[in-house]
Structures are given as structure tokens and as C-alpha cells.
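Each chain is listed here by its residues.
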Amino acid sequence: MENIATDYSWVTACRTDDLVENSGICVLLEGRQIAIYQHGPSGTLYAMDNWDPIARASILARGLLAEHEGELYVVSPLYKQRYSVETGICLDAPEHCVGVYPVVIDGAHIRLALPCGVA
Amino acid sequence: MKKCKLVIIGNGMVGHHFIEQLMGHPAAETFDITLFSEETRLAYDRVHLSEYFAGKTAADLMMADYQQYLDWGIHIHKGEKVTYIDHAERKLTSETGKIFEYDKLLLATGSYPFVPPIPGADLPGNYVYRTIDDLGEIHAAARAGKSGVVIGGGLLGLEAANALRELGLETHVVEFAPGLMSVQLDEGGSKLLRDKIEALGVQVHTSKATQKITEGGKSAPARLRMQFADGDELWTDLIVFSAGIRPRDELAREAGLVVGERGGIVIDDQCFTSDPNILAIGECALYDNRIFGLVAPGYQMARTAVGVLLGEAAAFTGADMSTKLKLLGVEVGSIGDAHGRSEGAKAITYLDEQHGVYKRLITNDAGDKLLGAVLVGDTGEYDTLLQYHLNDMDLPAQPEALILPGVEGVELAGGALPDTATICSCHNVAKGDISAAISGGCCSLGEVKESTKASTGCGGCAALLKSVVDEELAALGMEVNNNLCAHFAFTRQEIFHQIKVEEIRTFEELLQKHGTRNAAGEAPKDGCETCKPLVASVLASLWNDHILEKPHVGLQDTNDTFMANMQKNGTYSVVPRIPGGEVTPDKLIVLGQVAKKYNLYTKITGGQRVDLFGARLEQLPEIWRELIDAGFETGHAYGKSLRTVKSCVGSTWCRFGVQDSVGMALLVENRYKGLRSPHKIKMAVSGCTRECAEAQSKDIGVIATEKGWNLYVCGNGGMRPRHADLFATDLDDVTLIRYIDRILMFYVRTADKLQRTSVWLENLDGGLEYLRSVVIDDRLGICDELEQRMSHVVGTYQCEWKTAIEDPEKLKRFRQFVNSDAADEKIRFVEERGQPRPEPMEA
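Taken in order, these protein sequences are the chains called A and B.
Using the UniProt record's numbering, you'd call the opening residue of the first sequence number 1 and step up by one each time.
Using the UniProt record's numbering, you'd call the opening residue of the second sequence number 1 and step up by one each time.
No wet-lab data here; the hints were simulated from the structure.
Heads up, the beta-carbon is just placed ideally off N, CA and C, and yes, glycines get one too.
Hints are supplied without guarantee of correctness; some may be wrong.
Said to hold, decoys possible - Calculated lysine to any residue pairs in the SDA-like style (CA-CA distance at most 20 Å, straight line): (1) B:Lys568 to A:Ala55; (2) B:Lys826 to A:Leu29; (3) B:Lys550 to A:Gly43; (4) B:Lys525 to A:Leu45; (5) B:Lys550 to A:Asp18.
What the hints assert, rightly or not - Cβ-Cβ distance ranges computed for the label pairs, FRET-style: (6) B:Arg837 to A:Lys80: 19 to 29 Å; (7) B:Glu503 to A:Pro115: 48 to 58 Å; (8) B:Thr516 to A:Leu91: 18 to 28 Å.
Between the sequences and the hints, there should be enough to build the whole structure, so can you do that?
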């Protein structure tokens with residue numbers, strides 16, 4: 001996770017019962033739209049920008065979560081580019097990359113680390 | 001450059017083929033073309049003329065396109081007869097008195113039906129069987145009559161008999177010779193054909209010479225009386241002459257060109273007549289003292305003439321007159337020397353009276369070459385035998401194995417054929433053309449068909465084509481991989497079967513049971529964008545759970561997840577169902593009010609509904625609550641499922657309508673709404689043959705007839721248009737619905753992923769005939785089950801939106817932000833023509 005700023009602060013994003021298993025939801029944090037996915041029965045969480053830089057729309061939270069050869073990615077609903085949920089890199093056009101964020105469950109809440117200085 | 005003035009006389013199938021072939025050539029522009037057609041219609045399909053009685057219209061049969069001809073720059077003189085050719089001056093005169101000059105003249109004047117000189121053959125009630133107008137007259141006469149006679153028991157005569165039978169007449173065939181189809185069949189084949197046709201209720205009279213036809217009086221049993229040489233007589237209401245054809249050579253004859261003793265314009269192997277500026281092709285031409293009365297040799301002549309005019313090496317050296325066809329439902333095939341008249345010819349005959357099958361091979365004296373064959377009742381081996389014959393291939397050591405049932409391993413594989421072997425004679429595609437198409441990048445049967453046109457004519461070569469394509473692909477080392485994706489090594493059909501038989505209810509369960517395991521033997525942990533939506537669709541087709549039930553939520557594509565169609569800025573469009581396109585003013589007002597309240601861009605769709613664009617995710621439930629309160633249901637515009645059933649107003653309003661098409665459209669739409677399928681399904685119902693609902697471009701098309709409904713299947717509009725096939729005619733309401741139930745469920749069960757019905761049918765082995773045998777004759781014994789499945793889907797229908805807005809759990813998904821009520825600030829609209837539209841993106 002090298003593209004994540006080292007200085008960050010944890011904030012509460014939403015409640016655990018807001019999550020949808022095997023799918024995504026979206027939160028608005030400090031003006032930034034962030035998608036949070038809950039994958040599979042293990043419940044692993046991933047957080048990624050909601051903005052699709054190729055389709056130029058706020059839609060990645062509504063993409064299909066899919067796996068191929070161990071790589072987990074989100075398929076953008078409009079033009080079907082695949083974005084890795086681990087790295088944020090677009091697998092079909094690696095020059096595009098979206099931000100990814102550490103995310104954890106904290107009791108009944110979901111907490112997420114935002115880089116400092118994000119306005 | 002001065003253009004060559006080319007005049008063409010005649011626009012039948014062969015004349016049309018000539019024009020098509022010429023226009024496909026870049027040098028076509030060096031010609032200035034004038035066309036004379038005696039008929040007021042341009043070229044139409046005479047081979048399938050009898051389908052006119054099975055519901056096809058004149059428009060369906062058309063081959064030439066007037067606009068296309070104009071675009072090609074052809075000067076068209078329709079319904080204008082040429083009356084004189086002055087070949088010394090290279091001028092001709094038409095019936096209007098106008099004179100036209102030419103550099104080259106092409107005669108494609110065809111033939112006329114031969115009417116024997118029988119006294120009374122010109123009385124009212126006597127018809128010939130050649131043009132659409134002839135058929136129109138026969139059709140009209142049949143309404144007033146009870147019985148009809150065809151004079152002539154040849155190929156065309158039996159076609160005509162079929163037409164009379166379809167018109168509901170008691171049908172007789174009167175033949176001068178001792179047997180039916182005596183040109184193509186030997187005695188044994190002819191006899192079996194007769195038995196089969198008589199079993200259908202057609203009465204056959206052979207060795208009958210008609211001497212006189214007279215009119216019956218008022219109290220006579222029918223309109224006309226036929227008297228035969230042997231003293232018998234037959235009463236009938238109409239007579240159709242189909243006693244052979246005669247070449248239309250009168251213009252050539254008067255011009256002084258050389259014609260044959262028994263008619264026909266003599267041509268050489270370049271299709272030149274005795275005047276080097278005049279060519280003749282098709283049924284008016286006499287080559288090697290023969291008239292070629294089939295369309296394929298006519299096409300060969302047309303291609304030769306085009307080549308000759310363009311200065312290419314081309315020659316017509318005669319044609320094979322082998323034929324395979326279905327007459328009155330009986331399969332008949334004739335190859336080469338069917339009568340075994342060649343010197344030293346030996347026959348091998350197989351006759352099964354129990355099942356009504358006759359097969360006969362004619363070999364040379366040594367028994368290693370096939371000279372001819374006759375097949376009646378089953379033409380399964382026709383393609384194989386024809387290849388042996390045409391390519392002069394050595395027969396197997398025991399040639400009888402080729403026609404004996406139950407003998408394995410003699411099927412001729414494509415690999416054995418030389419590159420020059422013709423696979424598809426309709427479009428003149430040789431095996432070498434298919435190899436070339438595959439080397440050129442075609443990777444599937446469908447692509448080869450599209451690229452070469454092979455097997456898109458009569459379809460008789462379908463099995464052989466498939467074998468050639470498979471072998472060529474294998475030879476190139478291409479593996480035909482039908483695996484769905486990395487997670488499932490199965491086709492959609494196999495997955496459907498697994499889910500059904502094992503009653504699998506969730507994606508997780510299917511993945512555990514049938515997912516592709518890794519080296520450690522573990523099932524995959526998750527699926528991908530290919531298998532997840534596909535499995536969701538199959539689960540819905542079979543069990544019909546709500547698509548937002550917990551186990552299915554993560555499987556859906558975004559449009560299914562949010563039950564709306566995402567547009568380019570991330571907002572959605574909303575399409576309520578308007579069955580049959582019928583909507584009350586009150587409901588229309590509600591649509592307007594909702595659109596206004598939420599500032600939605602409003603557009604009428606092609607499927608007779610209203611589409612409301614620009615709804616934000618979080619607005620969808622509110623919008624739907626208002627629509628549902630007004631009585632609307634979801635339109636499934638987002639799903640791979642039934643979209644619309646378009647209709648015209650039909651008999652309730654239209655002066656032409658013969659059935660209540662809106663009523664039927666409502667019935668059909670309300671029955672199949674919510675059915676999840678491999679791809680979207682569109683339907684239409686037209687109230688009469690004028691077809692205002694455009695049913696023939698739909699997956700399921702229904703067209704009213706005076707007796708009921710004609711059912712069309714597997715049409716398509718859009719990117720790859722396909723004219724629907726006529727599946728069954730004059731159905732009552734109950735049978736219509738039963739057939740649609742079966743067809744749709746069979747499609748849902750067997751189609752590949754994202755395969756529309758049009759492509760599905762094209763890839764179905766056996767095509768339309770096979771589909772008919774499954775749906776009408778219940779060949780697979782599955783019709784009951786197909787109906788039960790459909791009945792389950794119909795019985796468990798729910799409006800997905802109604803269920804969703806009543807369930808707080810499901811509604812949780814319709815939030816832009818789970819932690820805020822703010823709207824997505826990135827969504828902005830501008831106004832255009834008084835409505836909102838997405839703000840254009842900066843470059």
C-alpha cells in the first residue's frame with residue numbers, strides 16, 4: 001500500500017449494518033466520496049475512491065466485486081474497467097489509479113484512515 | 001470514358017443475381033445499365049412461392065430492392081415490355097414505342113408455364129403457377145371452391161398441390177406419365193412418394209391424358225369437368241397447370257437469333273447467343289441442347305455472364321441438376337443419373353415400407369464411383385452422396401453402407417473433400433473458401449456463415465459445413481473452448497442443467513459443487529463479472545427469487561442491483577411498464593407529474609413506453625413509490641428479460657384489423673413480464689398483415705390472420721437485423737401461448753450467455769425445423785416440463801420495485817452516502833430544448 005500517505009487519521013465512516021455483503025456502499029468523508037466493500041463470508045473490508053476517472057462519474061461503489069487468479073477487483077458499472085481493490089490500479093488501463101484507504105471494523109462502527117490534509 | 005450501354009431484359013431471380021454480382025464488382029461503374037421488367041414487381045423469390053399461402057407476403061418474397069437499384073444508377077422500366085430487338089442496329093423498342101440503343105444486351109427473360117392445347121384450358125377457373133399475381137388469383141378462386149386439380153406431377157406441380165392443400169381444397173394431381181416426378185425419380189422412388197402423398201389426402205391420378213375441360217351447369221357438382229382419354233372424368237372448382245416450362249425466346253426468335261428446335265435461345269459456354277453483343281442466361285437459354293430449369297444453374301450462368309462482360313475468364317459448362325427438397329412434407333433427393341441409364345450402371349436399393357424410406361445408389365460397373373442416387377422419405381445422406389458424385393470420389397468398399405441405417409462411420413467428413421468441393425451450392429461456396437475465411441480470422445461457425453454466406457440459403461449443407469469448419473479449426477490447432485470463465489469449465493446450458501437437476505439455490509453452492517478447483521483441490525472462493533450475473537440470471541429463470549435477496553445481491557450487474565439503467569453521469573433512467581403501449585390519460589399525466597417533480601428528461605422509447613432520465617440513486621425509491629401508487633409496475637428495462645410487447649390498435653379501431661392485437665399484446669406481456677432470460681427479449685403483436693407493430697423484427701412476433709395468429713420467431717432489429725422466421729400459422733389463442741411458453745423456456749434453457757434468440761436459432765443444430773419438432777411434435781418429450789417451468793415463473797411474478805419499496809433492508813441500498821443525506825455534487829445538469837441533460841464533460 002505504498003500509495004497511501006503515511007500521515008493519516010482514523011475517522012468513523014459508518015455502521016457495520018450499513019455494509020452489504022459481497023458488494024459496495026459509499027460514504028462521504030470530509031468532502032471525499034469513498035466506496036467500502038465487504039468481501040465474502042470472511043467479511044474482509046476494502047475502501048477505495050468512488051470516482052471513476054475513466055467514466056468521470058461517482059460510481060465505483062456500485063460496481064460488481066469479482067475475482068480472477070487471486071486478484072480481487074471492482075468492475076466499473078459504465079465501461080467495465082477493472083480496478084484492483086488492493087492497490088486502486090486500473091487493470092485495463094494502469095495509467096489510471098484511484099486512492100485506496102485502510103479500513104477496519106471497530107465494534108458496531110467502520111473506521112477508515114484518511115490522509116492528513118485532505119480537504 | 002464512355003460507358004458501355006448495357007440493357008437487361010428480365011428481372012427474375014437470375015436477372016437479379018446478375019445485377020447483384022455485377023454491382024459487387026468495382027468495374028460496375030463502367031456500365032450504364034437499363035433494365036426492363038415485364039412484371040410490375042422487381043425480382044422476387046419464385047422458389048419459395050408456395051410460402052405465399054403459408055402467410056408470407058409479396059414483400060417477404062422480394063429479393064430486389066427498388067431503392068438499391070436506383071442507388072446503383074440503374075434506369076428501371078418496370079411493367080414495360082420490350083417488343084422488338086433490331087440486333088443489326090443494336091436497338092430495341094419497348095411497348096411504349098420508345099427506342100433504346102445498346103452496346104451489350106442481356107436476355108434473362110425466363111420461361112412461361114406450358115399449358116397443353118386442351119380444349120377448355122382457357123375457361124375461367126384455369127390457372128398457371130408462376131407469378132405472385134397468379135397466386136393471388138388462385139387464392140381468390142380457392143375461397144369460392146371446394147376442390148382443385150393440379151395438372152402435372154413434377155416438382156412444381158407438387159409444390160402447387162401443396163399450395164392448394166394449404167388453402168383447404170380437396171386436392172388432386174393429374175399426371176400424364178405413369179409416375180410422379182419422373183425426371184428426378186426412378187420407379188421405386190416415385191411409387192413411395194405417391195404412397196406418402198396419398199396418405200396426406202392428396203389424390204394422385206397417373207397415366208391420365210386430359211382431353212377436354214368443360215364448364216358445369218348450375219346443378220353440376222363443381223365448376224369444371226375434366227374428361228380423360230380413358231373415359232374417366234373428374235369434377236373440380238379450379239385447375240392449375242404445372243406441366244412444365246417453356247423458354248421465353250420470342251424476342252430472340254423474331255430478332256433472328258439462333259433458337260433450339262424445341263425452343264430456347266442457343267448460347268455458348270460464355271453465355272453468348274449467335275450475336276456477339278447479346279447474351280442470354282437462365283431458363284430462356286439453351287446450352288448443349290438443354291434448358292436448365294433450376295435456380296442454381298441460372299445463377300452460374302449469371303456469374304459467367306458478369307465475368308465475360310468484365311473481360312474475365314469465365315465459362316458455363318453445364319450444371320449438376322441434383323436436387324433435395326421437401327414436397328408436401330416428404331423429403332425427396334435426386335442426384336445425377338437417378339434412372340441408372342449410364343452404360344454399365346449398377347443399382348443398390350434399400351426399401352423400408354414400414355417407415356416409408358426408399359434409397360437407391362447408382363454406381364458405375366466397377367462399383368467405385370457414384371453416378372446417381374434417389375432418396376425418398378429421408379434425405380439425411382444427400383450431402384454426403386452429392387459430394388461423392390460431384391467430386392468423383394472413390395466409394396467405400398461397401399457402398400451400401402452409405403444408405404443402410406445403423407451402419408456407423410461412413411459419414412463423409414469435410415476433411416476428405418478436395419478444396420474445390422462445393423459445400424454450399426446456393427451461394428457457390430467451396431471448401432477452399434471456408435478454409436480461407438478461417439485463415440482470415442473467422443473462429444466459429446457463425447462467423448464463417450456471416451463471412452462466406454455458406455449455409456444461409458436453403459440451409460441444406462448445415463451439417464457438412466459444421467464438419468468442415470470444425471476440422472479446419474482443429475487443423476489450425478484452435479481448440480474450441482466453450483468454458484464460461486476461469487471459475488466454471490461449463491457452458492451456460494450445462495450450468496442451467498446443474499442448477500436445475502441439483503436444485504442449487506445460490507451462487508455459493510454452485511461454486512462449491514462445480515467451480516473449477518485449483519491444484520490443491522479447493523473450490524474458487526469467488527466468481528467474476530462473467531459468471532456471477534449469468535448464474536444470477538439462471539437462478540432467477542428457475543426459482544424466480546427476488547434479485548435483491550441477500551445471497552443474490554452481489555451477483556447482479558449494477559442495472560439489476562438498482563433496478564434502473566445507469567446513464568453516463570451515474571444517474572439512472574426509469575422505465576415503467578406500459579403493456580402493449582396502452583396507457584390511460586390519468587397514468588400518462590402521472591408520468592408527466594413525476595418527471596416534472598424530479599426534473600427528469602423525458603423521451604418516448606421505441607418500444608412504446610416512456611423513459612425518464614436523470615434520477616439520482618437516492619431518488620429512485622421515491623419516484624417508484626409514486627409510480628406504483630398510480631398503478632405502474634417495473635418495466636425491467638434494466639434486466640435480461642422481457643422488455644416490451646409492441647402492438648398496433650388492431651380490430652378494435654383499425655378498419656383493416658382482423659384480431660384484437662392490443663388484447664393479445666396485453667395477455668402476452670403480462671404473462672412473460674419478469675421472465676429472466678439469457679438476453680433481453682422483445683415481442684410485438686400486429687392486428688393484420690400490414691404489420692404495423694413490426695413483429696417480424698422481434699424475438700417473438702405475432703401477426704393476426706383471419707383464422708387466428710401467425711407466430712414468427714427469432715427476429716432481431718438493432719445492430720444485426722434478422723427477419724423472423726414463420727414458425728406456425730393460424731393458431732388459436734391457447735395454442736399460440738402454449739408454443740410461446742415452450743419456445744421461450746427452451747431458449748432460456750439452451751441458449752449461450754448473452755445470446756439473443758436470433759443467434760441462438762442460427763446456432764441450433766437443425767435450425768427452425770428442429771425447433772418446430774421440439775415445440776410442436778415434442779421430439780424431446782420435454783414440452784410438459786417447459787410449460788410447468790413457465791407456469792412457475794408466471795405464478796411467482798412480483799413487481800421487483802413494489803417488493804423493494806416495502807422492504808427497509810432492500811431500500812438501504814438506495815443511498816448515495818450511507819453516512820449523509822447530501823447529494824453527489826459531481827452530478828450537474830444543463831438545460832437543452834426545455835429539458836435537463838448532463839453537463840458536458842470537460843475534455
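Here is what the structure says about each hint:
| no. | hint | in the structure |
| --- | --- | --- |
| 1 | B:Lys568 to A:Ala55 | holds (7 Å) |
| 2 | B:Lys826 to A:Leu29 | holds (15 Å) |
| 3 | B:Lys550 to A:Gly43 | holds (14 Å) |
| 4 | B:Lys525 to A:Leu45 | holds (16 Å) |
| 5 | B:Lys550 to A:Asp18 | holds (14 Å) |
| 6 | B:Arg837 to A:Lys80: 19 to 29 Å | holds (24 Å) |
| 7 | B:Glu503 to A:Pro115: 48 to 58 Å | holds (50 Å) |
| 8 | B:Thr516 to A:Leu91: 18 to 28 Å | holds (21 Å) |
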